[in-house]
Each structure stands twice: as C-alpha cells, then as structure tokens.
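J.: Place chain B on chain A using the hints.
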Amino acid sequence: GAGVSQSPRYKVAKRGQDVALRCDPISGHVSLFWYQQALGQGPEFLTYFQNEAQLDKSGLPSDRFFAERPEGSVSTLKIQRTQQEDSAVYLCASSTQQGTYEQYFGPGTRLTVT
Amino acid sequence: QQPVQSPQAVILREGEDAVINCSSSKALYSVHWYRQKHGEAPVFLMILLKGGEQKGHDKISASFNEKKQQSSLYLTASQLSYSGTYFCGTEPGSDSWGKLQFGAGTQVVVTP
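Chains A and B, in that order, are what the protein sequence lines are.
Take the first sequence: its position 41, counted from the start at 1, is 41 in the numbering used here, and no numbers get skipped.
Count along the second sequence starting at 1, add 114, and that's the number in the numbering used here.
Some hints here could point you the wrong way.
To be verified - Within a straight-line C-alpha distance of at most 25 angstroms, the following computed DSS-like cross-link-like pairs (lysine-lysine) qualify:
(1) A:K57 x B:K213
(2) A:K78 x A:K57
(3) B:K140 x B:K164
(4) B:K213 x B:K164
(5) B:K213 x B:K181
(6) B:K213 x A:K78
(7) B:K140 x B:K181
(8) A:K78 x A:K14
(9) B:K213 x B:K151
(10) B:K182 x B:K140
(11) A:K57 x B:K140
(12) B:K151 x A:K11
Note that these hints are calculated values from the structure, not bench results.
Just chain A, with the same shape it has in the complex (with noise of 0.2 angstroms):
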C-alpha cells in the first residue's frame, strides 16, 4: 500500500523566501507528526495534529513556522521568511491513532537555505 510521501523532496529557498512543505499521510491515519532533522542528528519534535485538530506546536523553533491540516487529512508545513538555520531534512509521520503507537515516516523534504 502507498506510505506516507513528501513533496518537494528538495527545496532550495534563498533567504527570506517563504516555502511550503506538503505531506500526504496514510489514508485513514488520525495522527500526523512533523520533525525536523538536522544533519548527523535525530529527529527533533515539531508539532503534533489528531484530524484536523493541531494539539501540540511546543517544537516549532519561531512564529516563522506554521503548520496545518485543514481537512484532517494533507499537513502543511509552511516556513516564512526563511533563514541559513532553517536548512534541514523536514520529516512527516502519520499513526493509526492517538497514542503509543508505530509512526510511519515519509522520506523527507531536504530544505536548504541559501
């Protein structure tokens, strides 16, 4: 079955540009998550949905970032203004349900800021 994927899969944005990050979960999953990944480092936490309800946006580094999910379904990322820092792999991961359980990751935007 399809897996969770991302779109772009590179994005190369000159300083001060706005981008938007897309992430298609799996059909049916409740939870969406979104990460970012620094070279040589584990993913960080960025913020969390259940549908379309964002319950958790504790991860998100400045009021440059915004994140959404309208339908319960798609998530948008979306980073304004963008800095050198902001450079990194974005990772989606969409679960079953709420809680503890397996997320299935998407294979990542690579953002990088020029």
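T.: Below, chain B alone, put in the same frame as chain A:
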C-alpha cells in the same frame, strides 16, 4: 530533554553482535526504536512499553528497564542489511500523544 545513545558508531563484521544503549534522565513510558539508511525515511523496528518488557524483530531484540530509565537494542548475528543509523525515541508519559524525543543516533556499519 533528548535521550543519550551510546556508542556513537560501531563497525561490525557480518555475523557479529552489537548492543546499542539509550538512556534518559527522565522517567519513561515507552521507548521506540527506528533504523534509518542514508537519505531514506526512518523505519520502525519496535516499541517497548513501561513494564520492563523485551521484544524481538528477527534477530534484533530490545529490552527496557524503566527503573534505570534505559533501553538496549541487541543486534545478533548481524547482516549487511543491518547497516544504518539507529535511533531511540522516548515518550515520557502516556499522555504525551506519541510525541517522541529522539537520541542523536548510533551509526552501524556491517562489513562482509
């Protein structure tokens, strides 16, 4: 606060065993293990819940000692396909919504 993994890297010959440790300074509800190959998505291996259980996935098994707030992943009779970076993800409470805190990873290289 993210968990601490050790060692940072390990090189094995095919067929050898290895242990990867994951320690937390906070009480844990669960520990999740993932393997990530270069440029690919992390792939789920197993979840261990509070209760000191041990689980296995083929020749990869893990234990969780909640009193010591640590988990260990055991690679037995390693295969070339075991190469990759292993991450533990910890969950401090049952109400933490699956919000995982990942360690920095352990790079495993299995050579022929």
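J.: Against this structure, judge whether each hint is valid.
T.: To see whether the hints hold, each was checked on the structure:
1. A:K57 x B:K213: holds (11 angstroms)
2. A:K78 x A:K57: Holds, at roughly 13 angstroms.
3. B:K140 x B:K164: holds (13 angstroms)
4. B:K213 x B:K164: holds (16 angstroms)
5. B:K213 x B:K181: holds (21 angstroms)
6. B:K213 x A:K78: holds (20 angstroms)
7. B:K140 x B:K181: holds (10 angstroms)
8. A:K78 x A:K14: holds (15 angstroms)
9. B:K213 x B:K151: holds (22 angstroms)
10. B:K182 x B:K140: holds (10 angstroms)
11. A:K57 x B:K140: Since the Cα atoms of K57 (chain A) and K140 (chain B) sit roughly 21 angstroms apart, the hinted pair holds (cutoff 25 angstroms).
12. B:K151 x A:K11: This hinted pair holds, its Cα atoms lying about 21 angstroms apart.
When the structure is compared with the earlier hints, no violation turns up for any of them.
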